[in-house]
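*Asks:* The residues making up each chain are set out below.
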Amino acid sequence: MNDMQPDQIVGEYVEHTLNFYDGSSRKILVTEIETEFPKGCLIVSRTDTSGVITHCNESFVKMSGYAREELIDQPHSILRHPDIPPAAFADLWNTLEKGEKWNGYVKNLRKDGGYYWVYVTAIPNIRNSVTQGYTSVRREPSRKKVEECIKLYPTMF
Amino acid sequence: MTYQLAISPDFKPELISDWFIFNTWFQRQWGQGVHLELHQGFDEQHQALNDKKIDIIYANPYDMSRLVREEGFIAIAKPFQKPDEAVIASHIDSGIQSLDQLTAPLTIAQADSPDVNTIGMIMIEPADIDPADIIVKGAPSYVSVAKQLINGDAQIGFFLAEAFNELSRLVKKQLQPVISSQIHMIHHALLLSPNCSEHINTVREILLSMHQDARGNEILKGLGIEYWEPMEQEDAEFMVDLMDTLIT
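Protein sequence lines correspond, in order, to chains A and B. The opening position of the first sequence corresponds to residue 1 in this note's numbering, with each subsequent residue numbered one higher. The opening position of the second sequence corresponds to residue 1 in this note's numbering, with each subsequent residue numbered one higher.
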């Protein structure tokens, strides 16, 4: 996954480095600009079992700020925001690998450095008893819950 | 042998005769006897499913999980660009123009259409109404949902977008849409039971070429369907996964 570049960013940014479970890392540039969740929409994506994006809908593309071709075949962690504690993602993967559904409130990173909050439900795509990949559906979150997460997540690092 | 065709009970009542005409055309093309059974509600249809009395079904996406994963039904076709979208509406004088104006306790009028009601419930989640403060009032039709809003018996109502758009001008001018879904991925589908598995290709060919037949095309227009497009089993499995993420 490529590092984020300053010329892609809108507004003032802060630089962070994300370290991923596979040992790789990514330089990201983060702003404080929030994009509102599109009313009445669902953001939908599918990944293979290693978390690489195989499908995404128009709302996913639009909210991410990337072009579709920049998203397909990329790790889903392209959306990872440094404010979300790694423990949340560990819980997500542990739950999915057990064949169960995971729900949670997540702040996603956009290509332009901004962010958007979502309520995520992710499930394994089980076909003939074998997990073929994962589907993730994000919907507009309760603002009250988001405010709770804004307070809670910094305590989880 | 006569096969049993069932239509999801949330079909528009004015389309009853169109579905019978569809069935007449369909069985002539297929060369098999087909009996169209219009169930009075989802409970009756689910009972028919329990009794193995459904061979072909135009199904609500909400039922796809049971049909595909438990009963082994096979996806055949879906109507082209005819997603099930929901509209949440209020009375024009209710003061409810957006979700942030919803307050508890909240009374919701809804018809017997599980996918629309699921989408409706998801859309009101950001309003932070405690589920214990939500009162749901069932209605036999979308016109009745509208009446409940007009009479002040409910603050908001859930509508299939198509049904909301087709309300009479007189009714519609007393209502206002609060929010409309734009999901584009949830739709009804035509499925075949495992009893008919040897007929999959024949039935699929008949449906996919229906719009090319002059009479078939006319019937489709009556049903509000442009044409049938193929639906693979993986499309149905994906719909099941998608619905599963919404029912939480």
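These are computed hints drawn from the structure, not numbers from a lab. It is possible that some hints are incorrect.
[What the hints assert, rightly or not] Here are some of the chain B residues that sit facing chain A, going by a computed Cβ distance under 7 Å: (1) Glu125; (2) Pro126; (3) Asp128; (4) Gln176; (5) Ser180; (6) Gln182; (7) Ile183; (8) Asp241; (9) Asp244; (10) Thr245.
[Claimed, not checked] List of simulated lysine-lysine pairs, BS3-like, C-alpha gap at most 30 Å: (11) B:Lys147 - A:Lys39; (12) A:Lys145 - B:Lys137; (13) A:Lys39 - B:Lys173; (14) A:Lys39 - B:Lys53; (15) A:Lys27 - A:Lys145; (16) B:Lys137 - A:Lys144; (17) B:Lys82 - A:Lys101.
All of these numbers come straight from a predicted model, not from anything done at the bench. For every residue, glycine included, the Cβ atom is placed at its ideal position computed from N, Cα and C.
*Asks:* For each hint, tell me whether it holds in the structure or not.
*Replies:* Each hint, compared with the structure:
For B:Glu125, the shortest C-beta to C-beta distance to chain A is roughly 6 Å, which falls under 7 Å, so the interface hint holds. Look at B:Pro126: its Cβ gets to within about 5 Å of chain A, closer than 7 Å, so that hint holds up. For B:Asp128, the suggested interface contact is upheld, since its CB lies about 5 Å from the closest CB of chain A, less than 7 Å. With a cut of 7 Å, the hint placing B:Gln176 at the interface with chain A is violated, because the nearest CB-to-CB distance is about 15 Å.
At its closest, the beta carbon of B:Ser180 sits 5 Å from a beta carbon of chain A; the interface hint therefore holds under the 7 Å criterion. Hint status for B:Gln182: holds, given a least beta-carbon distance of 5 Å to chain A, under 7 Å. Taken as an interface hint, B:Ile183 checks out: its beta carbon lies about 5 Å from the nearest beta carbon of chain A, inside 7 Å. At its closest, the beta carbon of B:Asp241 sits 5 Å from a beta carbon of chain A; the interface hint therefore holds under the 7 Å criterion.
Given the 7 Å rule on beta carbons, the hint for B:Asp244 holds: about 6 Å separates it from the nearest Cβ of chain A. Interface restraint check: B:Thr245 against chain A, minimum CB-CB distance 4 Å, threshold 7 Å, status holds. Restraint check for B:Lys147 and A:Lys39: the C-alpha separation of about 26 Å stays at or below 30 Å, so the hint holds. Between A:Lys145 and B:Lys137 the CA atoms are separated by roughly 27 Å; this keeps the pair inside 30 Å, and the hint holds.
The suggested pairing of A:Lys39 with B:Lys173 holds, with an alpha-carbon distance near 23 Å, which does not exceed 30 Å. Between the alpha carbons of A:Lys39 and B:Lys53 the distance comes to roughly 41 Å, so the proposed pair goes past 30 Å and is violated. Restraint check for A:Lys27 and A:Lys145: the C-alpha separation of about 29 Å stays at or below 30 Å, so the hint holds. For the hint pairing B:Lys137 with A:Lys144, the CA-to-CA distance comes to about 27 Å; that is within 30 Å, so the pair holds.
Between the alpha carbons of B:Lys82 and A:Lys101 the distance comes to roughly 29 Å, so the proposed pair stays at or under 30 Å and holds.
Checked against the numbered hints given earlier, this structure breaks hints 4 and 14; the rest are met.
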